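Student: Produce the complete structure using the sequences and hints provided.
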Amino acid sequence: MEKFMQNPIVQWVEYRLPVFAFMNHQLVDYPTPRNLNYWWNFGSLAGIALVIQIVTGIVLAFHYTPQADLAFASVEHIMRNVNYGWLLRYVHSNGASMFFIVVFIHLFRGMYYGSYKAPREILWWLGLVILLMMMATAFMGYVLPWGQMSYWGATVITNMFTAFPLVGDWLTTLLWGGFVVGNPTLNRFFSLHYLLPFMIVGVVVVHLWALHVHKSNNPLGIDMKGPQDSLPFHPYYTIKDMYGLGIFLLVFAYLVFFAPNMLGEADNYIPANPLVTPPHIVPEWYFLPFYSILRAIPDKLLGVIGMFGATMILFALPWLDTSKVRSAKFRPIFKQFFWLFVLDVLVLGWVGKNPPEGMFIIIGRVASVYYFAHFLVILPLLGKFEKTCPLPESIGTPVLGGGGEMPSGAAAAKREKS
Amino acid sequence: MTDSTSAAGPTCVHGEDETRRDFLYLATGAMTAIGAAAIAWPLVQNMNPSADVLALSSIEFDLSPIEVGQSVTVSWRGKPVFARHRTPEEITAANDVDIKNFRDPEPDSDRVQKPEWLIMVGICTHLGCIPLGQKSGEPKGNFDGWFCPCHGSHYDTSGRIRVGPAPRNLDVPEYVFLSDTVIKIG
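Protein sequence lines correspond, in order, to chains Z and W.
Under the numbering used here, the first residue of the first sequence is numbered 718, with each subsequent residue one higher.
Under the numbering used here, the first residue of the second sequence is numbered 14, with each subsequent residue one higher.
To be clear, the hints were calculated from the coordinates, so they are not data collected in a lab.
For clarity, every value in this text was computed on a predicted model and none was experimentally measured.
There could be a bad hint or two in this list.
Selected chain Z positions facing chain W (in silico; Cβ < 7 Å) [what the hints assert, rightly or not]:
| # | residue |
| --- | --- |
| 1 | Gln743 |
| 2 | Tyr747 |
| 3 | Ile775 |
| 4 | Val776 |
| 5 | Asn798 |
| 6 | Leu804 |
For each label pair, taking beta carbons as the anchor points, the in silico distance ranges come out as [to be verified]:
| # | chain 1 | residue 1 | chain 2 | residue 2 | range |
| --- | --- | --- | --- | --- | --- |
| 7 | Z | Ala970 | W | Ala40 | 12 to 22 Å |
| 8 | Z | Arg797 | W | Ser88 | 22 to 32 Å |
| 9 | Z | Phe915 | W | Met60 | 50 to 60 Å |
| 10 | W | Ser71 | Z | Arg905 | 15 to 25 Å |
| 11 | Z | Asn876 | W | Ser70 | 20 to 30 Å |
All C-beta atoms in this analysis are idealised placements derived from N, C-alpha and C, irrespective of residue type, glycine included.
Tutor: This is how it looks when you write it as structure tokens:
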């Protein structure tokens, strides 16, 4: 690095725009808690998933036609005629699923280790904003192939806005550009589906900015107190992230090459027909828990409010969780409730996949009530009554056996390298 | 990377370790390059003509309705192809000329398979406009062939550039006579 910085061209640029020092500061020497585990891989994986979506999406737009009479055929054209079109489309459609898997794990990791607590509330909010924008983008992207599920998914989701009193109908007509979902809807969804990912990139930049102010949280949930608690980001976490990326790509490749339609719906290979609704409409898997909450409430407006509320309540999480201790590692009761909550979300997803009848209605209602109870009852009370375990003195203490000093070899070798 | 590792000293003592580390770097770099190329290939290749475009790459065309002295334009791969049933005078004019001083010297016999049928791509070799001269009444240029209105290229009765900025004669596409009057272009 020092040798690189002495290069006259690098110095010429550096004097005018200190980009190399900036990158070194943010990506190479950047102090990262030395005890991060593999759950911390999912942030960088989410960034990579976003890039994959943008790159494949731009290329797909070379071949796609956002017109109601042509859209379905143009997707088939991509699958059959365009060179590697099948690959690009399957990477894009399964990439959306991979992106959500990664982001959901990232979110649950933050919940388990209390990453949303002070001083990282805005970091948490920005992440939730990204999640909401991802949901909007994914929903509109699913409409573009203009199959039966595209069309009726769009119809059901946009009809939710009719639930709002007074402005509901006006708002829905505005969204549609007509009296039903139609060509104007498809056009604007395509435009927004192209726009939103770049806005997500913008929010990601601010998310990283906020992250780099107070640095990463860590499995112990205590602050870094000095250099003995941290490692330089490169090479320690670049390598760790790359290892995780390898696993991620293996799973991704399995989906793309061996089960490309596993997470999709067969009905979406039937061209959109505004006069026939498919017998069983389900959203994409990543919306299922929210869809369950919508169906659990037997009132149109309250159902919609419940569904949106399920995401909105996460914004209040830093204050609903009243415990001073961040990491679940030192919160024995919270830890159990955390896993119960994960189970609850999985149950909601499972219920959402099934038709709303018989016991699914009851299970869906219980799980929906529990979802909100977790945030509104359990978390506020736990902070008051839970007896937490003692926190270690520093990040370095448990790792280094109380020494606090960095082992000379590793530290010294690293210093010289960077 | 590699030389800074050797400079780091304390972690690698023997030359043997160095070689292994170097090998790892090279192997990783090589795999990264192969992986990057494998990813880049579909992202570039998808921009090339797709199967449905390639399926239209050759056409068959019947010349029999074209009278002597008449021209017809057919579309091939989206390009205009000029098919002209030349008059004996035009054939003579195309042959009785010294081609040495032409910009793109080519005898008429190299440009036609049968002298009465001149088949060529009707795109000016300058900047891609379509020359005039197919329809009666259109300007045919100083050599009674074709004239490109964009930048004033004059082509003769063999489609050769005689005056103007175009660098080459009008291109002759690949074609075969399937029968006396039916050709397959492409």
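Student: Each of the hints needs a verdict: does it hold here or not?
Tutor: Against the structure, the hints come out as follows:
1. Gln743: Since chain W brings no Cβ nearer than about 20 Å to Z:Gln743, farther than 7 Å, the hint is violated.
2. Tyr747: Interface hint status for Z:Tyr747: violated (19 Å vs cutoff 7 Å).
3. Ile775: 9 Å, violated
4. Val776: Holds - the Cβ of Z:Val776 comes within 7 Å of chain W, reaching about 6 Å at its closest.
5. Asn798: Check passed: Cβ of Z:Asn798 comes within 4 Å of chain W, closer than 7 Å.
6. Leu804: Since the shortest Cβ distance to chain W is 5 Å, the answer is holds.
7. Z:Ala970 / W:Ala40: 12 to 22 Å: The hinted range 12 to 22 Å holds for Z:Ala970 and W:Ala40, with Cβ atoms some 21 Å apart.
8. Z:Arg797 / W:Ser88: 22 to 32 Å: 24 Å, holds
9. Z:Phe915 / W:Met60: 50 to 60 Å: 21 Å, violated
10. W:Ser71 / Z:Arg905: 15 to 25 Å: 41 Å, violated
11. Z:Asn876 / W:Ser70: 20 to 30 Å: 47 Å, violated
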